[in-house]
Amino acid sequence: MNSAMTNTESAGLMMSGVTLLHDDGGSKVRALDDVSLTVSPGEFVAVVGPSGAGKSSLLAVAGGLIRPDAGQVRIGDIDLVTASRRDLANIRRTQIGFVFQSANLLPALTALDQLRLPLTLGHVAEPRDPMQMLEEVGMADRADRRPHQLSGGERQRVGIARALMTRPRLLLVDEPTAALDSSRSQEVVGLLAREAHKHGVATVMVTHDRDVLHHCDRVLQMTDGKLIPVDTI
Amino acid sequence: MMGSVVALIAVLMVLLSGLSVGLVNDGVSGLKKLEVSSFAFKSGVDKSAAFTRSIVDTEAADVWAGADGVAESAPFGLTLVNTRTDRGVDVDLALFGVEADSWLVPRAAIGRDLAGPDQVLLAGTLEDAGVAVGDVIEVDQLGRELEVVGFLDGQHTFGHVDVGYVDLRTWQEIRAGIRPGEEAPDHVHREVTAIAVLNEDGGEPDFAAVDEAAGTTSMTLEESFGASPGYTAELTTVQMIQWFLYAISALVVGAFFTVVTIQRRQEIAVMRAMGASTGYLLRDSLIQSVILLLVATAAGMGIGLLLGVSLSASEMPFALDVSAVTVASVFLVLLGLIGAAFGVVRVTRVDPLTALGASR
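Chains as they are written, first to last, in my numbering: chain H, 1130 to 1362; chain Z, 1315 to 1674.
FYI, nobody ran anything at the bench for these hints, they're computed from the structure.
Careful: at least some of the hints might be erroneous.
Unchecked claim - In silico contact screen, one side only, chain Z against chain H (beta carbon under 8 Å); selected entries:
hint	residue
1	Gly1425
2	Gln1577
3	Gly1589
4	Ala1590
5	Tyr1594
6	Leu1596
7	Thr1662
8	Pro1666
9	Leu1667
Stated by the list, open to error - Restraint ranges, calculated between C-beta atoms of paired labels, are given here:
hint	chain 1	residue 1	chain 2	residue 2	range
10	H	His1337	Z	Val1644	30 to 38 Å
11	H	Arg1214	Z	Ser1626	51 to 59 Å
12	H	Thr1352	Z	Gln1602	41 to 49 Å
Here a beta-carbon is modelled for each residue, glycine too, at the ideal position from N, C-alpha and C.
Build out the structure end to end from the sequences listed, making use of the hints.
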């Protein structure tokens, strides 16, 4: 088993022996090949690798967006592999926060409404206060701005705050610096690291950007669907 | 953009609805203003042309008068004539022949009530056409002269022709083509178009039995509208256009929301990735379409009503009717919603995986 597990504490995320096959012109390609990964609450893990290595597939499986062909995926004691589609939607809504490329904010909503959105999707046991979250990410003075009125870095800050609104146990971050210059990239990933540690959220970030890796607790390399700790490369 | 299209359709709906009501009024407003429950025509008459083809004996009125549930019955004559006033105004008339002492005779709004032979009480709209109380109108071909004694209030028309009330004997002689000074054969004064029947309050005559006894075929007042010339054809045409507009509206709204849903794919994918249920997304999209349809329809109806008010004052057969406009609005919104439902159902097919940078 290819293992990248380095932490045995009570897991935020636990993936074990995960294999994901993709169709590729009639043949099967291993997008994830026997991947195991444990991320503890409050731990900030980066996954780097070339395009097509399987980084987004890793996020998709960890986020319950796609079911693996083999292996186990758990968030705490919640089993994502056997959960129904409806349960998976509930798990994503209450247990997982997503930070997307370019933030993927809804164009019609103000920054404050972006943060209210996750709370309108269904019952949330202990929601965070949207204004307080905006203050936490330094965006309180932009609360009434819509996405087109914000810079790329500001949009990502709002996206990070939105992902934390439901007090998720797992934060999945997809290429957060893809559209940012280097100084904004440092700010955004620094913010992510602080929030992950402060709120005790197990965080997995996939990125091409090696300049931001010093903010992370651990760095893993994804190559051809396999996950390898960077210090063993 | 979409709102403007729905609003324009709503404007058209108001105009068509007004045209539809206007045509109805122009075709049968004279009949609608009669205090009549039903007409008894000649037995077996062609119902689409009953007013022009039916001839019944005045004695049938006595049979109807004695029937259970009937409060009043009286002979009623209807024929179309061309006339000209002594001041040279050409006037086409739908002559309603009624007994001067019957309940069918309306009160004059201007001038005197109808009181006897060789008088005519005209629809109020003819006053605007240049006819005045005291004018004498002459029936073409016959030379029969009628004195204009008064005008009725508002529109009284039959088959797009203004109504004139005359005494029954006068009507019978005009219909039979009797010229002044000629002796009318006996049968002329026994023949009328139909028997007008007024039911007692809550009364329900046994129409089949009374028809058989009187040798007549009954039609309710509303059924008799279809016997007005061109009424059914005109109404069917306008209603068909309305239904096509409803269908076009549903299709346009459906196409619009299909495009909107496709444009919102990424947004919807993000919401699904965040855990939005299918029910939530459908509800969200449908609420948006309801709001758009309601606002656009209200705006269109408002513009349509403003246009309608000016059209009502024109020569066009156009009349605004609150219930008809309301029904048109409700149908527009409902059918638009059905179209929107077909468009927004696509949200269920959006893959949340597409919210990630690439679905690898």
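Against the structure, the hints:
For glycine 1425 of chain Z, the interface hint is violated, since its Cβ never comes within 8 Å of a Cβ in chain H; the closest pair sits about 66 Å apart. With a cut of 8 Å, the hint placing glutamine 1577 of chain Z at the interface with chain H is violated, because the nearest CB-to-CB distance is about 10 Å. Interface restraint check: glycine 1589 of chain Z against chain H, minimum CB-CB distance 2 Å, threshold 8 Å, status holds. Among the interface hints, the one on alanine 1590 of chain Z holds; its C-beta lies about 5 Å from the nearest C-beta in chain H, closer than the 8 Å criterion.
For tyrosine 1594 of chain Z, the shortest C-beta to C-beta distance to chain H is roughly 6 Å, which falls under 8 Å, so the interface hint holds. Below 8 Å, beta-carbon pairs count as interface contacts, and leucine 1596 of chain Z has none with chain H, the closest being about 13 Å; its hint is therefore violated. Interface restraint check: threonine 1662 of chain Z against chain H, minimum CB-CB distance 11 Å, threshold 8 Å, status violated. Taken as an interface hint, proline 1666 of chain Z checks out: its beta carbon lies about 5 Å from the nearest beta carbon of chain H, inside 8 Å.
Checking leucine 1667 of chain Z against chain H: minimum C-beta separation of about 5 Å stays under 8 Å; hint holds. In this structure the hint that histidine 1337 of chain H and valine 1644 of chain Z lie 30 to 38 Å apart at CB is violated, the actual value being about 56 Å. The hinted window of 51 to 59 Å between arginine 1214 of chain H and serine 1626 of chain Z holds, with their beta carbons roughly 58 Å apart. The hinted range of 41 to 49 Å is satisfied by threonine 1352 of chain H and glutamine 1602 of chain Z, whose Cβ atoms lie roughly 45 Å apart.
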